[in-house]
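Top to bottom, those sequences are chains F and L. The numbering used here puts the first residue of the first sequence at 1, with every later residue one more than the last. The numbering used here puts the first residue of the second sequence at 315, with every later residue one more than the last.
Treat the hints as calculated values from the structure; they're not laboratory data. Just so you know, not all the hints are guaranteed correct.
What the hints assert, rightly or not - Heads up, simulated DSS-like pairs for lysine-lysine below, C-alpha to C-alpha not over 27 Å straight-line:
hint : chain 1 : residue 1 : chain 2 : residue 2
1    : L       : Lys356    : F       : Lys159
2    : F       : Lys208    : F       : Lys232
3    : F       : Lys125    : L       : Lys356
4    : L       : Lys356    : F       : Lys122
5    : F       : Lys208    : L       : Lys356
6    : F       : Lys122    : F       : Lys87
7    : L       : Lys471    : F       : Lys209
Claimed, not checked - Selected chain F positions facing chain L (Cβ under 10 Å, derived; list incomplete):
hint : residue
8    : Ile13
9    : Leu65
10   : Ser66
11   : Pro85
12   : Gln136
13   : Met139
14   : Pro142
15   : Ile160
16   : Met162
17   : Leu181
18   : Ala247
19   : Ile250
20   : Arg258
21   : Pro263
22   : Ile273
23   : Ala289
Claimed, not checked - Coverage of chain F stretches by chain L, computed from C-beta distances (three or more under 8 Å per stretch; other residues unrestricted):
hint : region
24   : 144-158
25   : 228-237
26   : 290-303
Ideal Cβ positions, reconstructed from N, Cα and C, are used throughout, including at glycine.
Letter by letter, the chains look like this.
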Amino acid sequence: MKYILKKTGFLVITLLVISFITFLAFNIIPGDAALSKLGTEATVDQVNMLREELGLNAPFFSRYLSWLGGFIGGDFGISFSYMIPVKELISGKFMITITMTIMAFVFIILFSIPIAVFTAYKENKIVDRVITFLNQLFMSIPGFFLGILITFIFGLTFKIFMPGAYISMQENIGQYFYYLLFPSVAMAIPKTAMGVKILRSSLIEEKKKRYVRAARSRGNSNLRIYGVYMLKNAVIPVLTFWAMTIADLIANSVIIERVFSIPGIGTLLVSSIANRDFAVVQAIIIIIAVIIIVMNYLVDLLYKIIDPRIDLKN
Amino acid sequence: MHKKKLKINKFGAILSFVIVLMIIIGIFATPYDPNKMDAASKFSAPSINHIFGCDQFGRDIFSRVLVGGRTTLLVGGCTVLIGAFFGMILGAITGFIGGIVDEILMRINDVVASFPSILLALVFISLLGPNTGNVILALGIAFIPSFARIVRSEFIKYKDADFVKSAKLMKVGKIRILFVHIMPNIMPTMLATAAIGFNNAVLAEAGMSYLGIGVMPPDASLGRMMSESQAYLSVAPWCAIFPGLFIVLMILGFSLLSESLNRK
Chain F
1 MKYILKKTGF LVITLLVISF ITFLAFNIIP GDAALSKLGT EATVDQVNML REELGLNAPF
61 FSRYLSWLGG FIGGDFGISF SYMIPVKELI SGKFMITITM TIMAFVFIIL FSIPIAVFTA
121 YKENKIVDRV ITFLNQLFMS IPGFFLGILI TFIFGLTFKI FMPGAYISMQ ENIGQYFYYL
181 LFPSVAMAIP KTAMGVKILR SSLIEEKKKR YVRAARSRGN SNLRIYGVYM LKNAVIPVLT
241 FWAMTIADLI ANSVIIERVF SIPGIGTLLV SSIANRDFAV VQAIIIIIAV IIIVMNYLVD
301 LLYKIIDPRI DLKN
Chain L
315 MHKKKLKINK FGAILSFVIV LMIIIGIFAT PYDPNKMDAA SKFSAPSINH IFGCDQFGRD
375 IFSRVLVGGR TTLLVGGCTV LIGAFFGMIL GAITGFIGGI VDEILMRIND VVASFPSILL
435 ALVFISLLGP NTGNVILALG IAFIPSFARI VRSEFIKYKD ADFVKSAKLM KVGKIRILFV
495 HIMPNIMPTM LATAAIGFNN AVLAEAGMSY LGIGVMPPDA SLGRMMSESQ AYLSVAPWCA
555 IFPGLFIVLM ILGFSLLSES LNRK
C-alpha cells in the first residue's frame, strides 16, 4: 500500500515535470503563434495586439498555470492553422491510432508466445536456428518498409485491399478494422520478432531451474511444463518489454499512417510540425507522454501483483 | 578478470564490411551521377546497366542508394558519438559518485528513456526545423539516456572492484580511476550498446526522412527516396524496394555484429 502511494506520488511529479518541460520548450523558441499567424508583413503593433488577445504577453509562469489548468480540464488550446479547438481536432484521430496499437499488440502476443515456446523447446535444433535467423531478419526491417512491401504484395499484386482507401469507423466498422489490419501487422511483425527473441532467452533460462525437473518427475507433459510452469515465470522479465512495445507502437504509428494514408494522429502531428502549429504538437506529445508514463506505472504495479516477492524499492 | 573471448559473427561482419565499403567507394565514385536525369531510362527496370533500375526522373537508383546510405551512415555514426560521449560522462558521474545527484539525474533519465526516441527527435525537429544537422542533434540527445543508464550500471559494478580499491589506496586521482582504470573494462558493453544505438538511429532517420521532416534536399536520404517512389509502387516497385533492402541489410549486419559482441 505504501508502495502504491509512493509510486503514485512519483507518477504525479513526473507528469508535472514533463508538462513543464514541454511547455517551456515550446515557449522559448523564437516565433510564437501570433507571429506565425500574421506572417512576415505584420507591423509590430498588430503582432502586439494579437499577442495580447491570445494572452501571450502574460508572465511565463502564469501562462503555464493557466495552460496546465486548461489541459487537465480537457482544453488543449486552439489550433491556429485549422482555427478550431485542438481537442476537436485530435479526439477522433486518437481513436484510429489506439485501434492500430491494440490490434498490433494483440498480434504480437498471439504470435510471439507460441513461437518463443516452440523455439525454446527446440533449442539449437535446425528449426530453432532457422526461426532465430528469420527473427533477426524481421527485426531489421523498418516497420514502414514492411508497410510498403505489404502494400505492394497484398494491395497491388493480390489486390486483397485497396491501398490508400481508408474507411472511417462511421462509414463501415468492419471495413475500418479490415483496413487497419494491414498497417497493424506491418508494425507488429518486427516487434513480434523482438518479443520472440526476449521470451525465448527468458524461457531457456528457466529450463535449468529445479522446479522444471520436479514438474517433469511428476509426469507433466512437455506442453504443460513449457506452456504453463515455465511460461509463467519467463514472462515476468518480458512485461517491461511489452510496456515499451506499446509506447513504440504509438510512435511507429506516426510513420505507418503515412504509408497507408490514414488520417490519424501521426499525420496530424507531422503536418502540424511542418506548419509550426505548436498548440497541436504540444498537446499530442503530452498526451502520448501521459499514456506512456501511466502505462509504465501500471506495469510496475502489475509486477507486484504477479510476483509479490519482487523487491520494489529498486 | 577472466578473458572475454570475442567470437565475431562472420556473416554479420562481412555484411557490414561490404556495405560500409560500398558507401565509402561511393564517396569517390558512383556508377552514374546520382542527380542526373535521363528521360530515356525513366522507370527502367533493374538490368546490367542499372542494377537497381531507375526512378521517375531516370536517375540511377544504385548511385542514389550509395549516396543516401552515406547520409544514413553519417547520421547513425554522429548520433552514436554524441549519445555515447555525453552518456558516458553522465553515467560515470552518476554511477561513480552516486548520492542525491545520481538519484535526481537517473529519475529524469528514466522518464526520457521510456519515451520512444523517434518521438523525442520529432519534438526537437519541430523546435529546431528539419535538416541533417538537426536530425543528428535531435537523435543524439534522444540517445543520451540509454547510454547513460548502461554506463552507470557498469560503473556501479566496478566501483568496489579490487583493482579500483587498490588504485584508490595508491592515491590515484578520481578522474584517472574513472577513465583509465574503469573505462577499458566497460568498452565491450559500450560497443554493443553503440551498435544497437546505431541501428535505432538508422531506423529513426529513415522514418523521419520518410515523413519529410528529417534529412532535407539536397542531401540524399534512403527514407525520402522511399516516400517519393511510393506513388509509383505499381509501375516501378524497385524504386522503393532497393533503398529499403539496403537499410534492412545495413541493420541486419550491425545487429548480428552487436549480438556477437554482447555474448561473452
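**Request:** Kindly indicate which numbered hints from before are broken by the structure, ordering the numbers from low to high.
**Result:** 3, 4, 5, 6, 9, 10, 11, 15, 16, 17, 21, 25
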